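Asks: Just so you know, the sequences run in chain order A and B. Sequential numbering of the first sequence, starting at 51, is according to our numbering. Sequential numbering of the second sequence, starting at 15, is according to our numbering.
For the record, the hints were derived by calculation from the structure and aren't laboratory data. Among these hints, one or two may not hold up.
Each pair of labels, with its calculated beta carbon distance range [as the list claims (entries may be wrong)]:
| hint | chain 1 | residue 1 | chain 2 | residue 2 | range |
| --- | --- | --- | --- | --- | --- |
| 1 | A | Thr-279 | B | Glu-85 | 56 to 66 Å |
| 2 | A | Ala-260 | B | Arg-362 | 48 to 58 Å |
| 3 | B | Ala-520 | A | Lys-450 | 30 to 40 Å |
Here chain A is said to cover these stretches of chain B; the calculated rule only asks that three of the stretch's residues, wherever they fall, bring their Cβ under 8 Å from a Cβ of chain A [as the list claims (entries may be wrong)]:
| hint | segment |
| --- | --- |
| 4 | 285–299 |
| 5 | 310–316 |
| 6 | 332–346 |
| 7 | 382–394 |
| 8 | 549–561 |
| 9 | 667–674 |
Here are the computed lysine to aspartate or glutamate pairs in the DMTMM-like style, where the Cα-Cα straight-line distance is at most 25 Å [as the list claims (entries may be wrong)]:
| hint | chain 1 | residue 1 | chain 2 | residue 2 |
| --- | --- | --- | --- | --- |
| 10 | B | Lys-400 | B | Glu-444 |
| 11 | A | Lys-151 | B | Glu-348 |
| 12 | B | Lys-236 | B | Glu-82 |
| 13 | B | Lys-162 | A | Asp-361 |
| 14 | B | Lys-162 | A | Asp-171 |
| 15 | B | Lys-515 | A | Asp-76 |
| 16 | B | Lys-663 | B | Glu-627 |
| 17 | A | Lys-707 | B | Asp-611 |
| 18 | A | Lys-562 | B | Asp-580 |
| 19 | B | Lys-400 | B | Asp-650 |
| 20 | A | Lys-647 | A | Glu-692 |
| 21 | A | Lys-151 | B | Asp-344 |
| 22 | A | Lys-146 | A | Asp-93 |
| 23 | B | Lys-115 | A | Asp-361 |
| 24 | A | Lys-536 | B | Asp-200 |
| 25 | B | Lys-145 | A | Asp-177 |
| 26 | A | Lys-330 | B | Glu-111 |
| 27 | B | Lys-361 | B | Asp-344 |
| 28 | B | Lys-331 | B | Asp-505 |
Keep in mind the model is a prediction, meaning the values are calculated, not measured. The beta-carbon is built from N, C-alpha and C at its ideal position, and this holds for glycine as well.
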Amino acid sequence: MFYRPLMLCGLFLALACGAARAAGDDVPGWLQQAAAAGAPAYDKTVKAVVLHHEQHVAVGADGRVVTTTTYAVRVLTREGREYARAAETYLTDGGKVRELKAWLIRPAGQVRRYGKDETADVAASPDDIYNELRVRLILAQDDAEPGAVFGYQSITEDRSWNSQTGWLFQDELPTRVSRFTLQLPAGWRARGITFNHAPVEPAVSGASYAWELRDLPAVAAEPSSPAWTNIVPRLAVSYFPPEGVSVAGVRPFADWTDVSRWVTELADPQADSNDALATKAMQLTQGAKTELEKIQAVARFVQGIQYISIDLSVGHGGGIRPHAATEVFAKAYGDCKDKANLMRALLRVVGIQSYLVAIYSGDPNYVREEWASPGQFNHCIIAVRVGAETQAPTIVRHPKLGRLLVFDATDPDTPVGDLPHHEQGSLALIVAGADGALLRMPTTPPEANQLERQAEVTLAADGAISATLRERARGQAAAGYRGEFKHLSRPEYQQTIQAWVASGVNGARVTKVEPADEHDEGRFALDIEFSAERYGQLMQDRLLVFKPALVSRREALVLTAAARQHPVVLSPLAYTETVTVKLPAGFEVDELPDAVKLDAPFGSYAATYVVKDGQLQFTRTLVQRAATVPPDQYQSVRGFFERIRAAEQAPVVLARK
Amino acid sequence: MSKLSASALTFGLLVACLLSGLAPAPARASDDKDWRPVDPAELALKAPVVERDADAEVLFWEARVADELQENIESIYPRTVINHYLRIKVFTDRGREAQSKIDIPFTTSVDIKDIAARTIKPDGGIVELAKKDIFERTIIRAGGVKVKAKSFAMPAVEPGAIIEYRWREVRNYNLSFFERLDFQRDIPVQSVTYYVKPLIIPGLGFRMQYFNGRVEQAADKKAGLSFSMRNVPAFHEEPNMPPEYQVRPYMLIFYTADEEVSNADGYWAGFGKRIFDDNKASLKVKDDVRAAAAEAVGDAQTPDEKLARILAYCRAKIKNYLDDASGLTDADREKMKENKSPSDTLKRGAGTGRDIALLFGAMATAAGFDARVARVGDRSQAFFDKRQTNSYFLSSYDIAVKVGDQWRLIDPASAYVPYGMLLWREEGQEALVSDPKAPFFVRAPLSGPDKSVERRTARLRLSDDGTLEGDVRIEYTGHLAMDKKELNDDDSPAQREENLKELVKAQMSTAELTDIKVENVTDPVKPFVYAFHVRVPGYAQRTGKRLFLQPGFFKHGVGALFSATDRRFGVYFHYPWTEADDIQIALPAGFSLDNADQPGPFAAADVSKYDVEIGLSADNRTLVYKRQFVFGSATDVSYFRPEYYVGIKMIFDEMYKRDNHTITLKQDAASAAATPKQ
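If we strip away everything but chain B, and leave its shape as in the complex, we get (with noise of 0.2 Å):
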């Protein structure tokens, strides 16, 4: 999945800029030379004001970004200069732990100029940070290629210290190019500002975009344009939470030539065409392709039956050289040469991910279909919205497949994904398909919950001293499949069973596993498999006269999912699910069931349902354990804003109470009586 590269734009720009005669700008420093007063209520301050609890809190952070044109004896180039200023306020020891050490790390085409530092004290003391305790260090260099860093530490930091620190960044040969600036940090935020100016360049206009926040703005002529948000929380990962960039606060700036990206069918359509224009020789059909799509189809009677052929096809006669499971070395790779069109990667039977998309897009344009390169969005990243009219937002790509009056969309790029799904990343959304005079938008469908299921089995047997002992087979399908798929596939054998033992020991520790299969780990189609054999002793507790079972032996040492109160962003779950759950466990002999009660079921409108039952086998002796869960529907993305958590949570809280359901066995009288005490 190709991410949008803005470096053939940067150098189409800096021509443009070059060519138009422009003036260059002069590269100029911060005004403020000197540092901001320091207000006697700043310094005064006992508690953060944000955030209660908070080590440390941001006063203020600015961040003056200018494009501009540096002209040396050569040459006019572009850079952005920007000049960082953070005062922060440290309330406590762990603020001053976090705080007093800054890297400032940059790149080989990057300067880091002008760095200043101090340390106010609590009694208004103020301690400069000297020069030589400026470290300038190279973390990596290879290749030509250098990362340092400028480190310092903060001299005498102590909690109701002010630190304040600023630098100057100049990027070289570059401007902002779909630059994102953060309103948020790992600390508080009271006050940030973004100075923007921009470069004037004809023919391209400077576009910014907010996201996730309320951002104020405003203008100065000497300024230029200002951005700020106040008051901005620290940003703390949760469990189950969206993307990232889903919740964070920031700004998106960037030029384009696009005349109007207010008006989003327009902006859409241009650039549907021009994903049209782009892909239209890659899909042309040549007598070879031809051949290939016949001989793929072959005897296929349905339009999907034909389409589910002609991937399987492209799965198994390209090999993805750049999947981490292909076999391949760097160096195999080094070798590989550029697919100029399908009929190079039918010829040469390896190519990239989008080589082997192109290639099945220009097979079933052989077979008769309408087939288009189709964009769609990342929800692992942000969840696409179309108001949003920004191509970096539909940063995959997918073959979309006219069939009768619907498009199917088909991601031959990936090597586990089922004909009729796409990654979960991609599904629930909006996908753009490319057409050279009205692209459209269609939605890429949602895999339901019966799509991803986690099928388990157990035949069991259980002693008298609560051991358990059996042969477990587990298969997952769907999403679960190309999970596990993606986790295993790089793995030798033993290492895959290694996975698995940690797995299951993980939930029982004193479990033994032995004849382990994993079986279609590399397999496009066939669901995930784990057999093997478990003994677990001291499964079931054993009292003088009874023995405690917990029938739900899959969900046996599983915690809770949620254990937090409060809950400050959605819960996200990547897809629907289905839990299915076969247990048979024989009794000891001597034991019969004391108790013959189940959980019962519980279902939450369409988001979740869960049902169990408990049984015995017709001559009693075995407890047959059938549960089921599902979670989430085909009908929406499960997101869940805030406000839901705590009825997210009552459900996972109810079903780990029904999983953790146990039977009690009594030992009968007769047994009772023959059985030593221990």
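This is chain A alone, in the form it adopts within the complex (with noise of 0.2 Å):
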């Protein structure tokens, strides 16, 4: 019976010499070596892990800049497959992938190679007329498995417009090493700032400088939590040439002045005009008294022109240089630096001077001061200087231009005097040349985006309603309501209004939807007429139950988990309703909720109720200051919401007298 063992030792064999064959064919040493090393067991809730991320930039003496990429992931889970993909983007004008090659080790070993013949190439921005970025794909998810492990090696060429990169240290996955190495002709340097974690120093050998990070934790998807470039580990890489070296496409930058000149270089004779233009400007302008009037009628006639995006020559600046604004204003369409180059150039001609201001969107806490980059920016606004006559929230002091009056003229609902949350108090640079510089955009209190609500309701004894709502809001909360107004059909809206309604009130019939939008003074009304019946309960014929928060807020905070890894963003807004209920005759009030009294550092709420003369009014209020609260605080922040969702709740009872 020696046999057995013999045979199976060889089966053992053939089996690992095959694993060992097709692994070692053709998978590079760094796969194989990520692929082997143990991981730590993870949650279950985390898909995949990343075993290995580096990114190795070669920098040339003639400012070519070639990148080599090597990454691999395991997937742990069904829902990980997902992340067993590779992608490069590239520009068509002057960039190029020279190589993509991906392998796929399955749990078993064998290996399955991508190359050509399985990369797809695929516009980036498909939703655009023309945009020269795209990107190469490999999509191996279809063949992975939880327990494979996905590489991909790449080779990008590019030649750079500045002399500035990044890196993230790592995604939303688990990440064992992740390493940024820049390679430098000799004699040049780099320097690198470390965000959202303890400054990374690097490994420097000669001209090559290596940044490292290891065993980073997966990151958790919460709700209003910062964005997650706020929270991963991040590098910002500055470099330069030797003094007095001047190489073509390098552009170190000293500074954000230095910034600012070389952005005004690009765009300032793009903002000529022509007479089509000039006659326009003063066209829009003519019954405008003040300069405020002024402005607002240049603002809403360019908010007015519609968001085409066509990006050209963006290895050149074309991402950052506006179409000339006698184009955009004869084509009317343009994206958001057309639309303020335009605006810049209209305002001129009516002798208002104005400046483009580069921000980051969507993120207020994205762009940051120790990093003198336009990389930094994904959008423009302008900045109006105004005179002291002209009044408004969100007009910033610059030390050299004196009062700005910074506007954002792709929105279509925020008008002059407000700006959107996602760019209040966030960093954004002012192009004015020598004069330009990084300035904090204003922040509009709660009270400038409030909304106002007015129920006057009427309930029957078989506990049917009808009622009124009266809605007045301003600032954003006005920016929201209008942006539901106008982007949707009149059906549509109808629609989603009786549906809003619905929700609250059980087969509410609405008679009544009608909107009143005043954008220039940034306030949007909206008066519903409504009726439903057995909106209260009867019981037994004796007891009349009902809720008097008829309709629910609109954007209400809900944060159900139970713990939390990340802070908890809030913006600024205010909330008042009052509703009147007329009781029904021969009732009188049994039970009333408890009155709540809510504060907190991030916000205050309360609701009161009061009968007088057969009426019972119900008021809430609710500010919320623009915070960002620590995960420590969580479970306050947490109760501060559920207790004002309880208080929502809460029924008034009337019973037969």
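Given two chains presented individually in distinct reference frames, assemble the corresponding complex, making use of the accompanying hints.
Replies: Spelled out as structure tokens, the structure:
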């Protein structure tokens, strides 16, 4: 019986050889090493773990940049298969992906190789009319399974338009090794800044710099959390040729003024006007009596220009240089920088000076002062120089240029005097040549973004109600309402309002929906009338129970998780509601909910109930301040909103007299 | 469920054309090289004509479709040339936003030529689209296939302007086989006309069929046949609406060798014979299949038992390698060899859905049954009507087995369909059973509401602060179970738990779920089950002396199904179902029932039935809540014409009200005195 162990041993050897042969065939050493390395156990919700992520950027003396990326990820769950993908972007104008190869090592050791035949080349922004940015893609998720390791290696070539680069040490996945290496020509130097992490010092060898982090934990997705670019460690790097050496495309920025000068050079020539544009500017401002009215008239026109993005010559500053204002005016479309630039040209005709403003849209904390770089921005707005007579909450003071009224011409719903929430408080670059500077954008107080609601309700003895609802919004609250009104077709808008009312009052028959947009004043009004049978529940013909909070607030923060990894980010808003309910004859109030009063550093809430002259008056007020509440105070913020939710569910009990 | 492919027919037709020596028709461009004059009335138009509140409206939309033969030095090949022309009036900023950006996608074998566009401003000024402003983009390039687009933005568009554009589309190596020509867009259309010039092909007739609208037909020597509709409203989706192409007006054009498609019986008889012939060899019984059938049947006695066992055998032994839950990767699938017979399928233990169905058919034959391939419609796409003489509408297949004098339809290809049921989209329609001489239709039975049951039980305890806590079990059978299994079978266990948590939290934001079990996810027969422990702080509302409790725990936080007052399309439910709830809630100490009323039952003819019973346990300390809701019947597919919307809405509004019925618990005097004021 001795042959059995021998046979098993032979089988094992055969499998091992097969696996080794398959894996060793053409799988690069770095991938084999990453796949073989152990990894700690992760929570069952973690879908995959990045075993290795490295980027090697070699800058040539001529400014040419060759980037080699190696990446390995182990799939942990069925959902983790989606991470078995390779993606490399490039610009058709001067960039290319020289190589993209990938491998999938299955749990049993077999290897599948991916090359040109399995590579797709896709438009990065398929909705744009034209965009030079493209992506080379290898998708292996349908081949992957839990336990498999996917790896890829890419080489891209590009000509940089500045001398800056960056590195995200991780995405939402836990990461074992993340390394960024910058290889510079002899005599060059580099400087790195770490964000969202203690400073990471590079290992320097000659003109080679390497930054590395290991064993980074998974990043949980949580509602109202900071943007993940403000959570995960990231690196910003600037590099410099030796003093006195000038290299085409290698544009070091000493400070923000330097960045301003460069952007100004690109953008300024585009703001010239012609007769048609000048005539339009005069027409628009003809009836305007004040500086602010002129700005408002021009702003409304530019906001009405259609947003269409056509990005050409991005590798040569085309992503920053607007199209000529005259061209944008003639075609009546353009992107954010085109709109801001057209507004600038129009204002100039009527004698008002203005400046482009580079900003990051979507995260007010993204831009960091310590890294002077145009690469920190993704959006363009405008700052209009105003005199003392012009007053608005969105005026900032520039040390040299004086009072600047900041405005986003791309947001069609936010008028002059207001700024979208996601831009408020952000650092932004005033593009004004040598006078340019990084400024903190204004923030508006909660009261400036208020929603006031008044409801008059008649409650019948059988529980039926008829109600009128008047909503008056301003600031960003109005912008939200305006957006809904402007971007939905009239039937869709009607249905949205009906559905919202019906979510609080079942079977509501909405008989009137009357919106009124006062765009320039930053206000929006909505009047609604509706009725419903049996809103109140009549119990044994004795008690009549109803909730005075008829309809929900449109936006309510719901924090359901028991624990929290990241801070909770709150935007400023204020809300007041007064509901007056005419009580049915023959009933009296038997029980009212307790009044609620909550005070916290990030906001306050109060709900009160008063009965007088056969009427119940219910009021609720919420003031939510702009705040970032740290995770260790999560329970307080969660409890705050939970108590509000509970208070708004509380019923009133009437009893027959 | 395979769909019909036109490629083989196209190739055959091409060969037929080439052999027939037909002189190729010249490829002709549109005759109207210039823009059509703009009627001042169109420019002056201030409001839409077809639909009030429309943001933009198509003034006219024309497409000239011509199938023709193109000759070059080496070959003659067929192609379809379509000249498109649209004129649109813009009324609002929304209309401007939606209509200004034009993308014309096309694939490698298609050419897009002669694009021209212009904007006519409200003052009559014209802004032409410059050629340089037309961009050709490659959207995706992969594996030798390219999807490109010609894209442009209409210049100087503003409310009140008219935009118009036209282009020529050449589909090389193509003929109009089952080409769907839409008459409806996402904005209203004043006038839409297709001019169609088919190719004359010996032995093949050109046919067209219209659906869901009144089409005016005309013939013109120069332009060919024309098909028009006027004043077509925009297409907007509505919740629970019928399949899109059950309501959208469209026309199907195709060539067919069938002599007479207007004779429905004759058409289907011919088609049914072809199905029989195509599958005859695949249903042949060989020894291995016979042996497998004998093993599967075992000691089963009745025909239904035998068939159920063969079905279970096929599902247990044969892996459907195209199923997303098979656990196979694409690499595994590539290694799979094609099964040429049921024996191959049996031997390899893997196959496509069709392979499994044919194996089932062969095994049933081996077991002494008469088994055939049957074709059935897919009512997720359109309701089948045999007067529509077009095999395009019988896109799915099942196996029909004769039991006594009845034909049973069985779907071995779908993993979670219990014996006696079909996928919901195949039920309740006529199915064509193939036959060498006289194919015939049978009605695919519709499973009644008793077959698809959501059975929910909860044993809960209410605290005096309003927190509800306890154990919950939810079982799904029939179509409900199939839906749940399909939704979850490709997920990891952790993801399945997440799916459930999201489901519950969408109803009760404060709910905390623990001890979650998700059972029978990939079991073909057993009910799909959720079991979990739940804690919901603040579930009941507390006032000074009362607690308000919604005993219908499973419907807490579920909104009414329909909110819109008006409706354009009918209401469609995929299948009938039953909800059965059994809830017990232990009441907090010191509280007793203040009101003992319960919502009344209701019934709506044979469409729906609702009943609730609320009571107390013998010791008065536990609230017992039983609810049943039944919707639909085994008689008819649950489709209701638009005029019945009000009634259907009323059913669900009434159900919502009753489900939200609140019980009042009053604090006993002694207990109230001992409770500290909050």
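Asks: In ascending order, which of the hints set out earlier in this document are inconsistent with the structure?
Replies: Violated hints (numbers, rising): 3, 4, 5, 7, 15 and 22; every other hint is consistent with the structure.
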